[in-house]
Amino acid sequence: MFSSAMLVKHSFEPVVGCGWKVETSYAINATLGASMTESPHDPASTVAARVLARVRAVADPGAVVEAYGSSVYAPAHANDVDVLVSGDDPARLAAALGLTPIPTLPPRMHGMLEGVQVDVTVVTGDGDLARRMRAGPRDAALLAAHLRDHGRDEVFQAAWPHVRRFVRARALGHNGLGWFGSFGWALLLAVPLVTDPELRVVPLGAAVPAWLRWMSRLALGARVGFEGTRGGEPEPFYISAPAPPARDVARLTKRAAVVLFAEARSAVRAIGDAATDADAIDRIVDLADDPPAGTTLIIAGDDDHTRGRYDGVARGLLRDLEALGAIRSWGRFELTGDGGWRHRITVPAHRTQSARELVENWLALTMIDAALE
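Using this note's numbering, read the sequence shown as starting at 1 and increasing by one per residue.
Just so you know, not all the hints are guaranteed correct.
Below 20 Å or equal to it, Euclidean Cα-Cα: the simulated SDA-like pairs (lysine to any residue) are [stated by the list, open to error]:
1) Lys-254 to Glu-235
2) Lys-254 to Ala-326
3) Lys-254 to Arg-319
4) Lys-254 to Ile-298
5) Lys-254 to Leu-318
6) Lys-254 to Ser-266
7) Lys-254 to Arg-269
8) Lys-254 to Gly-316
9) Lys-254 to Gly-231
10) Lys-254 to Asp-320
11) Lys-254 to Leu-218
12) Lys-254 to Val-313
13) Lys-254 to Ala-243
14) Lys-254 to Leu-365
15) Lys-254 to Pro-244
16) Lys-254 to Arg-223
17) Lys-254 to Pro-203
18) Lys-254 to Pro-348
19) Lys-254 to Arg-230
20) Lys-254 to Val-285
21) Lys-254 to Asp-282
Pairwise CB distance ranges (calculated) [said to hold, decoys possible]:
22) Asp-303 to Glu-154: 48 to 54 Å
23) Ala-246 to Gly-337: 26 to 32 Å
24) Leu-220 to His-150: 42 to 48 Å
25) Leu-204 to Gly-337: 36 to 42 Å
It should be emphasised that the hints constitute simulated quantities derived from the structure, not laboratory data. Since this is a predicted model, take the numbers as computed values, not measurements. Think of the CB as a built atom: it goes at the ideal place given N, C-alpha and C, for glycine as much as any other residue.
Work out the full structure: start from the sequences and follow the hints.
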């Protein structure tokens, strides 16, 4: 294994109310859906393969370039192409590929290659973070293999866009904002399709209602993985990565896990007797139309650079805010047509002033050019 790596990482960002961004994602989906599976017998014909070829063409000769993320396990629904490059310099590679650096920790860069979005994360050394990220290609491949080996891939592919719609609507889908990203949600759908007695046999187009009911039965201490689902885990909620080393993909705080399980129970009440994926998800209300109790603070910035920095360190802010009581991070960025962004955090009403002061001090200390609205 090389001593450094570059990881292209997918995350949920567009939301209802940000129509221009959603339309962009649909356009990308159309490109990826049409071409990532152009010829299943000729991987070189896919967009993902062409992106890999572009990266390999400018990467260090000793670098290893691998596919990662949703382009592996859900290519027809991928918003971007994910790539892991081990053994190269991120600044040099970003310049060679014409990608825009984002100053997160670890560093990221993004842009367009072969007509689709790429989002690159750079890791170096052989620490825990680097080892976890280097497991990404194996994780994605194993998830896809489990679905294929158990005959559940078709059901997963049909349900996946509806699950993503649920995650966007309820603002539950962003790693940097206190939740977990698309891979965690993909595991949370795939595992019961393979291991749960009911979901193993649920027919095509009817998985989402059964999946939401399955998720509503989870509680603190649940561990979900392809080895099965059980309780008694010391972590609030543990989603087991399929490839070694052993990793918790969820990484939720106790308060966030409580909110997640409450969201699942609320969703079950909302869908009622819905029997199909589409019918169930049509009954899910957007969080903006059903906001949590409390005062919702809005942190706003002007550009991708600032959003990237915020995204890389916002978990620290959320941990600090949790000391004030039950908070609800809205796991999505609201993107505006002028390149700006907003992130909402709901805090206890009686701690509003303390929360505002904490956020303002945190922004000043981290030197992030964003402000409370």
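How the hints compare with the structure:
With a C-alpha separation of about 8 Å, the suggested pairing of Lys-254 with Glu-235 holds against the 20 Å cut-off. A threshold of 20 Å between alpha carbons decides the hint, and for Lys-254 with Ala-326 the separation of about 10 Å falls inside it, so the pair holds. Among the hinted pairs, Lys-254 with Arg-319 is consistent with the structure: their alpha-carbon atoms are about 11 Å apart, no more than 20 Å. The hinted pair formed by Lys-254 and Ile-298 fails the criterion: a straight-line CA distance of about 23 Å is larger than 20 Å.
Simply put, Lys-254 and Leu-318 have alpha-carbon atoms about 12 Å apart, close enough for the 20 Å limit, and the pair holds. Using a Cα cut-off of 20 Å, the hinted pair Lys-254 and Ser-266 holds, with the two alpha carbons roughly 18 Å apart. With a CA separation close to 23 Å, the supplied pair Lys-254 and Arg-269 exceeds the 20 Å bound. For the hint pairing Lys-254 with Gly-316, the CA-to-CA distance comes to about 15 Å; that is within 20 Å, so the pair holds.
Taking the CA atoms of Lys-254 and Gly-231, the gap is about 15 Å. The hint holds against a cut of 20 Å. Among the hinted pairs, Lys-254 with Asp-320 is consistent with the structure: their alpha-carbon atoms are about 14 Å apart, no more than 20 Å. Between Lys-254 and Leu-218, the direct Cα distance comes to roughly 13 Å. Compliance with the 20 Å bound is thereby established for this hinted pair. Pair hint Lys-254 plus Val-313 holds up; C-alpha atoms about 19 Å apart against a cutoff of 20 Å.
The suggested pairing of Lys-254 with Ala-243 is violated, with an alpha-carbon distance near 25 Å, which exceeds 20 Å. A distance of roughly 26 Å separates the Cα atoms of Lys-254 and Leu-365; the hinted pair therefore is violated under the 20 Å criterion. Straight-line distance between C-alpha atoms of Lys-254 and Pro-244 comes to about 25 Å, which puts the hinted pair past the 20 Å bound. Distance restraint check for Lys-254 and Arg-223: the Cα-Cα separation of roughly 14 Å lies within the 20 Å cut-off, and the hinted pair is therefore satisfied.
Restraint check for Lys-254 and Pro-203: not satisfied, since their Cα atoms lie roughly 34 Å apart, outside the 20 Å limit. With a CA separation close to 17 Å, the supplied pair Lys-254 and Pro-348 stays within the 20 Å bound. Between Lys-254 and Arg-230 the alpha-carbon distance is near 17 Å, which keeps this suggested pair within the 20 Å criterion. A threshold of 20 Å between alpha carbons decides the hint, and for Lys-254 with Val-285 the separation of about 24 Å lies outside it, so the pair is violated.
Only pairs whose Cα atoms come within 20 Å are accepted, and Lys-254 paired with Asp-282 is rejected, the gap being roughly 29 Å. For the hinted restraint 48 to 54 Å between Asp-303 and Glu-154, the CB-CB distance of approximately 41 Å leaves it violated. Taking 26 to 32 Å as the suggested C-beta distance range, the pair Ala-246 and Gly-337 does not conform, at roughly 43 Å. For the pair Leu-220 and His-150, the beta carbons lie near 28 Å from each other, so the given range of 42 to 48 Å is not met.
The hinted range of 36 to 42 Å is satisfied by Leu-204 and Gly-337, whose Cβ atoms lie roughly 38 Å apart.
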